[in-house]
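Next come the chains, spelled out residue by residue.
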Amino acid sequence: MPPESLLYTGSEAQPTKVDAVQYDDDEFSFRPNIDPSVAYRTLKSDKVNWIAVSGFRDIENIEQLGADFGIHPLLMEDIFNVQHLPKVEDMEDYLFITLKSLIWDTQKKQIDAEQISLLLGKNFLISFSENDTPLFEPVIERLKTTKTRARSRKEDYLSYLLLDRIVDNYYVILDQLDDQTDELEDLLLNKPTDEIAQRILALKKQLVILRRTIYPLKEEIRGIVHDELPLINSFTRQYLNDIYDHLIHIIQTIDNFREMIAAMMDLLMANNANRTNSIMKTLTLISSIFIPLTFLAGVYGMNFRYMPELEWHYGYFVLIGIFMLIAGGMYYYMKKKKWF
Amino acid sequence: MPPESLLYTGSEAQPTKVDAVQYDDDEFSFRPNIDPSVAYRTLKSDKVNWIAVSGFRDIENIEQLGADFGIHPLLMEDIFNVQHLPKVEDMEDYLFITLKSLIWDTQKKQIDAEQISLLLGKNFLISFSENDTPLFEPVIERLKTTKTRARSRKEDYLSYLLLDRIVDNYYVILDQLDDQTDELEDLLLNKPTDEIAQRILALKKQLVILRRTIYPLKEEIRGIVHDELPLINSFTRQYLNDIYDHLIHIIQTIDNFREMIAAMMDLLMANNANRTNSIMKTLTLISSIFIPLTFLAGVYGMNFRYMPELEWHYGYFVLIGIFMLIAGGMYYYMKKKKWF
Amino acid sequence: MPPESLLYTGSEAQPTKVDAVQYDDDEFSFRPNIDPSVAYRTLKSDKVNWIAVSGFRDIENIEQLGADFGIHPLLMEDIFNVQHLPKVEDMEDYLFITLKSLIWDTQKKQIDAEQISLLLGKNFLISFSENDTPLFEPVIERLKTTKTRARSRKEDYLSYLLLDRIVDNYYVILDQLDDQTDELEDLLLNKPTDEIAQRILALKKQLVILRRTIYPLKEEIRGIVHDELPLINSFTRQYLNDIYDHLIHIIQTIDNFREMIAAMMDLLMANNANRTNSIMKTLTLISSIFIPLTFLAGVYGMNFRYMPELEWHYGYFVLIGIFMLIAGGMYYYMKKKKWF
Amino acid sequence: MPPESLLYTGSEAQPTKVDAVQYDDDEFSFRPNIDPSVAYRTLKSDKVNWIAVSGFRDIENIEQLGADFGIHPLLMEDIFNVQHLPKVEDMEDYLFITLKSLIWDTQKKQIDAEQISLLLGKNFLISFSENDTPLFEPVIERLKTTKTRARSRKEDYLSYLLLDRIVDNYYVILDQLDDQTDELEDLLLNKPTDEIAQRILALKKQLVILRRTIYPLKEEIRGIVHDELPLINSFTRQYLNDIYDHLIHIIQTIDNFREMIAAMMDLLMANNANRTNSIMKTLTLISSIFIPLTFLAGVYGMNFRYMPELEWHYGYFVLIGIFMLIAGGMYYYMKKKKWF
Amino acid sequence: MPPESLLYTGSEAQPTKVDAVQYDDDEFSFRPNIDPSVAYRTLKSDKVNWIAVSGFRDIENIEQLGADFGIHPLLMEDIFNVQHLPKVEDMEDYLFITLKSLIWDTQKKQIDAEQISLLLGKNFLISFSENDTPLFEPVIERLKTTKTRARSRKEDYLSYLLLDRIVDNYYVILDQLDDQTDELEDLLLNKPTDEIAQRILALKKQLVILRRTIYPLKEEIRGIVHDELPLINSFTRQYLNDIYDHLIHIIQTIDNFREMIAAMMDLLMANNANRTNSIMKTLTLISSIFIPLTFLAGVYGMNFRYMPELEWHYGYFVLIGIFMLIAGGMYYYMKKKKWF
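Residue numbers (the numbering used here), protein chains in the order written: chain A, 38 to 377; chain B, 38 to 377; chain C, 38 to 377; chain D, 38 to 377; chain E, 38 to 377.
Be aware that a few hints might be false.
Stated by the list, open to error - Here are the simulated lysine to aspartate or glutamate pairs, EDC-like style, with alpha carbons at most 20 Å apart:
(1) K374/D x D231/C
(2) K191/B x D61/B
(3) K242/D x D61/B
(4) K255/E x D292/D
Don't read these hints as lab results, they were simulated from the structure.
Produce the complete structure using the sequences and hints provided.
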């Protein structure tokens with residue numbers, strides 16, 4: 038396949054849907070399901086224009102929309118390549134941001150990732166999302182119902198609001214992983230089972246995914262904040278810096294999880310070794326006491342013609358006394374050696 | 038929840054209390070429990086003004102106080118978000134510092150963290166603390182009673198005094214962890230129990246918390262010292278550099294703890310393995326000696342009609358001699374192999 | 038051997054073959070098997086010239102060809118030294134790139150590497166490959182059949198196309214290693230065998246090879262993109278940046294593999310320990326129940342003259358009851374201790 | 038305690054003693070036990086002045102001496118705070134260096150640290166040491182007896198001579214640790230005992246202390262060499278660079294020790310596992326041979342009325358043959374499986 | 038000992054020998070065993086002058102030679118301090134390079150290091166080597182017999198030739214270590230013995246030595262290449278860059294070895310655990326089958342007066358059937374649990 042052609046690398050493309058949101062201090066309009074080919078013409082220079090594209094089934098139309106807005110073909114490829122790492126690319130005329138929205142799949146107990154790309158131009162913002170998720174609905178609600186700080190700001194602040202939604206969701210994932218870690222720790226301390234090691238492995242896998250998604254994003258957001266890009270004014274930069282702080286915090290929390298998981302694995306190994314020792318001690322205790330006794334009993338079960346002890350009247354009782362002495366001595370010896 | 042609204046993220050908000058401290062070389066006044074709404078008007082330009090806010094129950098009033106002093110809404114959010122990492126933010130008109138005060142909870146044997154934020158303006162210092170802690174009382178006492186170097190200095194030196202109090206407390210935590218480490222090491226060497234691994238894990242957790250709290254603070258304090266901020270004069274910078282040195286020392290001590298804990302975990306594993314071997318040796322020793330003997334005794338307990346040895350007069354005594362020879366041989370063999 | 042002489046360090050040199058490709062917007066010509074000594078004279082200043090050299094058996098002719106094009110002797114050495122790390126060298130008049138093409142050997146289940154060197158001059162591109170691989174055929178096909186974007190671009194874009202082919206193949210390797218990792222993980226969880234550790238080692242070896250090949254390449258490509266070399270125009274640089282993104286992604290994926298493999302090794306160790314414990318438990322359970330019973334049976338098999346219990350009419354049945362009590366007690370005790 | 042007050046943080050303060058050394062090309066004078074309060078007045082501008090302060094019992098006098106020389110109060114604190122990390126502080130008028138002198142306590146087999154601080158002013162050098170150590174005696178001897186290169190140099194070269202003495206002693210520590218490592222390695226390979234793990238832990242602890250002491254010193258010395266401080270001329274800087282090289286070498290040697298210790302710990306674990314296996318094999322060998330035989334012997338010890346084998350004339354001898362066959366078979370099987 | 042005095046820190050000083058090599062395009066002369074005191078006077082400004090000093094027994098003469106050429110005393114110390122790390126020092130008038138020549142001691146199976154120092158002045162090159170090694174003979178041969186590129190170059194190129202010889206030898210060491218690693222891996226997979234862990238430790242030690250020697254050299258050579266020193270012209274710099282590439286490659290190969298060795302250690306641990314399990318399984322299998330049977334046999338060996346089963350005619354045969362049932366059941370149960 039030639040490098041020029043676009044390809045959606047996700048599992049199943051959803052139907053394409055294009056919504057247009059426009060607002061300023063006074064007005065707000067939401068037009069769902071507009072024709073992709075007219076999207077560019079709907080822009081109004083005195084308003085904040087947000088084109089929300091979701092579902093990547095109709096690649097040709099989206100490609101055309103991208104061409105209308107003058108998006109570089111390589112970036113179009115990145116939008117459809119859902120394995121792409123989070124990235125911010127400053128193309129002078131516009132700023133391209135691609136990142137992952139993460140949702141916790143409560144059934145499979147794993148992270149589901151959806152790729153979101155934002156294209157911030159001089160008077161428009163285009164968002165591309167794999168599915169028609171309800172992720173940005175709270176943003177629309179807020180813009181619609183209240184005369185908030187947001188309405189009087191430009192597209193760069195809108196980008197912040199969308200990014201903030203996505204990053205807030207990362208905390209939901211962290212909470213889930215925190216619960217899992219606590220549960221595992223509790224299991225480990227109170228009722229260790231053989232599946233703990235497998236569950237720790239599964240948890241570690243989720244952490245690897247999470248870190249892979251968030252670490253590059255953090256670096257890229259730092260770039261936006263530090264490079265003083267003309268498309269983002271200093272007011273919004275302050276807010277993006279706040280997102281950067283959140284991402285640092287998330288990364289640090291992930292690293293703490295990793296350290297705790299390593300410590301749990303160590304504890305698991307130590308517990309296993311303790312368990313082996315405890316089992317071995319029981320076996321050794323019982324064997325050490327009874328094997329010598331069984332030998333003695335065997336001796337007096339022999340059929341030699343001349344075995345004087347067998348003839349003694351109290352021989353049997355003397356031997357029982359010897360049995361008790363040996364058992365007690367063994368027990369005392371092991372007690373003294375602090376075996377149990 | 039819209040990003041604009043303020044939320045206290047701690048477990049239980051304490052009642053809000055605002056105290057005002059004012060002093061210069063000649064005078065010192067401490068007014069407890071002033072009305073938050075008049076705090077800004079109490080500032081006197083020829084004195085050092087310190088507004089101490091504690092307890093975050095009455096968020097609206099604190100928000101109003103913040104607005105009076107012109108604090109950025111995002112910083113107000115950070116003040117109430119007790120999960121926030123330590124941070125220094127230079128806002129040109131004022132310098133914002135948020136960090137954790139750490140106290141050792143002797144009962145739960147763990148670290149309790151309280152978030153403290155300092156806002157250093159041109160002629161005022163505001164401190165925000167989650168609880169009405171006695172943490173800063175020694176500072177007030179010192180300002181009140183003696184005509185110290187501190188009285189003739191400005192708000193930046195006062196910030197140093199407060200930071201110094203907080204950082205001094207970190208050493209208390211280190212001492213506690215040091216005691217714990219020594220105790221664990223002693224247990225490990227002298228009376229190893231199964232709980233050591235769990236206690237090492239618990240200790241490691243505290244170290245992770247400590248490092249997470251102090252490492253970013255160190256970096257941020259370094260920023261203050263190196264960036265030559267106009268709000269902090271070179272005299273105070275010298276003292277902040279001293280705090281920076283302390284933080285480096287603390288971080289290094291934490292890292293040494295971590296290394297020692299890893300070494301202790303290794304020792305624990307080695308001890309466990311030694312213990313397994315020592316138990317196994319006992320079992321093997323006893324089994325190796327008595328199992329063959331028991332077999333021999335079993336042989337002469339058989340009821341075959343024709344077993345010539347049984348008829349010998351000294352057969353029994355010969356066999357006892359053989360028993361002793363076998364047992365002695367086995368013992369000698371294992372002794373030679375340095376099994377015990 | 039003097040440093041000046043050229044030496045092919047691969048296992049077996051293939052016959053040398055030189056092809057010449059020339060094209061512009063209007064024309065395309067492919068001349069296979071030209072005489073190496075005339076290669077330089079075939080260059081046309083108004084076309085894109087690509088000399089593809091494959092097979093290193095005829096070192097003298099290739100050396101002469103290099104001299105015709107003014108290639109530095111040390112670079113000629115690098116071309117034939119297949120152990121050389123990936124490298125980009127800016128020689129002002131031309132740009133030298135050496136890297137590895139990786140192919141998955143499905144039989145040996147390991148990576149096969151072939152060294153490819155590119156020499157990008159002002160109006161020519163020379164490629165040197167160890168074997169006459171079909172690697173670049175799709176590029177030739179594309180240049181031949183369609184009037185693509187590629188035809189109107191210069192040699193720098195052609196270099197990009199060749200590099201892109203090579204890097205795309207790395208993903209094939211990643212897929213193979215991904216399959217292997219999944220298979221091992223599946224084996225580990227479902228039917229652990231003793232060979233898993235060996236297979237993990239083998240997999241790790243492949244990852245080490247992969248990382249060694251790709252990591253320096255990434256750094257070198259970053260150099261091309263950042264240093265704004267005059268031989269590569271900004272249009273192509275955009276595309277090389279895309280390759281750089283791919284390489285970052287590959288490196289990150291390799292690092293994730295490494296982390297997962299470490300976690301699998303941990304799981305393997307934990308599983309082994311569990312397995313030991315489970316085997317030990319069976320042994321201890323059976324021994325703990327039967328060894329005391331066997332002792333008791335031995336006691337009543339003794340031949341003492343006076344053993345009152347033997348005379349009791351129901352002695353045997355009482356003893357069987359005692360056997361059952363002991364066995365039941367042992368079983369209950371171990372059940373309570375959650376041994377199985 | 039107010040931050041202003043000075044406190045010696047070591048275990049027991051030694052009596053304070055102040056010596057004055059003065060020399061130039063022609064003359065040398067050593068005045069022991071001078072009055073601290075006159076130290077400043079003894080300086081002669083045409084000579085090299087060295088004030089050696091040892092023992093921190095008389096803090097007030099030392100504080101006064103510091104004030105006479107204009108030393109910053111924070112540095113005075115550092116002098117008495119023996120937990121302070123090595124540090125170099127350039128105060129424009131003087132250069133402050135604090136570091137540790139390390140001595141190997143041959144009885145406790147551990148490192149003893151003594152804090153040494155040097156204050157290099159424009160025409161004086163003050164050294165502060167916790168104890169009246171013989172550390173600097175060779176320097177005095179050398180200055181006294183010979184007309185060496187040292188006599189014609191200034192205070193900066195004298196600082197070098199003192200630092201060089203301290204750093205040379207680090208090599209003594211390294212040699213001790215080297216001996217310990219070799220001894221442990223020898224023990225590990227030849228007569229492994231249970232205490233090896235503990236001794237490795239103890240050795241690691243010493244390495245942690247050593248690294249903590251030397252690593253920051255290296256960084257600080259690098260600062261002196263690179264920052265081209267006016268107090269140190271280029272001639273002396275060359276020599277300080279030599280010390281810097283030594284410190285790099287020491288750090289690298291410490292890191293090699295750490296690596297070797299980690300490898301020894303691995304070997305210890307592997308040896309333990311081998312040992313377990315070897316013990317287990319003995320047990321299994323003996324059990325596997327004798328347990329089946331014991332069973333067989335038990336069978337023919339049963340008292341069934343009708344057991345035809347018992348009646349055979351050679352039954353007993355046939356069974357002994359069977360015993361031998363089983364034992365031989367078991368032995369052969371395990372030999373073939375390469376168990377011993 | 039005063040810092041000024043020179044001391045050879047190697048084990049046994051070899052007799053001192055000074056050779057003089059002089060050449061230009063037309064002539065070549067080799068004068069062995071010249072008097073050290075005349076070395077400086079033999080320099081000819083129109084030729085390449087190489088003074089080769091080997092053997093450090095006659096320190097005074099070498100010191101005098103160094104003084105003749107104006108070498109800094111600290112560098113003279115470095116020449117004789119064979120523990121010194123590789124270093125390049127630019128002294129403006131001359132360039133000082135000290136490094137290690139490594140040779141594989143095939144008997145002791147370890148690396149032998151010899152310190153080589155090069156001093157590149159404006160029209161001379163002095164080499165100092167601990168022993169009279171044949172290391173540089175091929176360079177002399179080449180200069181003598183052929184009119185190579187080397188003859189028309191200056192001392193800087195000659196330094197390159199010598200460095201190249203030394204670095205080429207590093208590859209010989211790598212090959213030896215590669216052989217060792219392969220042999221160990223083979224042993225590990227096919228016939229694991231208890232000595233493997235020890236041999237891995239020994240191999241690791243060699244790698245630590247190798248890395249310690251080569252890593253700083255790489256950094257220092259990088260310095261020469263990047264700093265554009267006036268003593269080395271751009272032609273030679275190209276060649277030194279080639280050496281730098283080799284050193285990067287060697288370092289990377291060492292790091293790969295380290296990783297493979299860590300993986301082998303993991304495999305060893307996993308194999309040990311597998312082995313333990315396999316031994317345990319045999320023991321458990323045999324014990325689990327025969328211990329219950331032995332008990333049963335013991336029961337019917339009891340001498341109770343009234344044991345009805347003993348009287349049954351086919352009691353014995355029924356019991357043998359029960360024995361078989363129990364043994365078969367146990368075997369089947371363990372087979373189903375996939376124990377073997």
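Comparing the hints with the structure gives:
The hinted pair formed by K374/D and D231/C meets the criterion: a straight-line CA distance of about 16 Å does not exceed 20 Å. A distance of roughly 9 Å separates the Cα atoms of K191/B and D61/B; the hinted pair therefore holds under the 20 Å criterion. As the CA atoms of K242/D and D61/B are separated by approximately 50 Å, the hinted pair breaks the 20 Å bound. This hinted pair checks out: K255/E and D292/D have alpha carbons roughly 18 Å apart, not beyond 20 Å.
Of the numbered hints listed earlier, the single one contradicted by the structure is hint 3.
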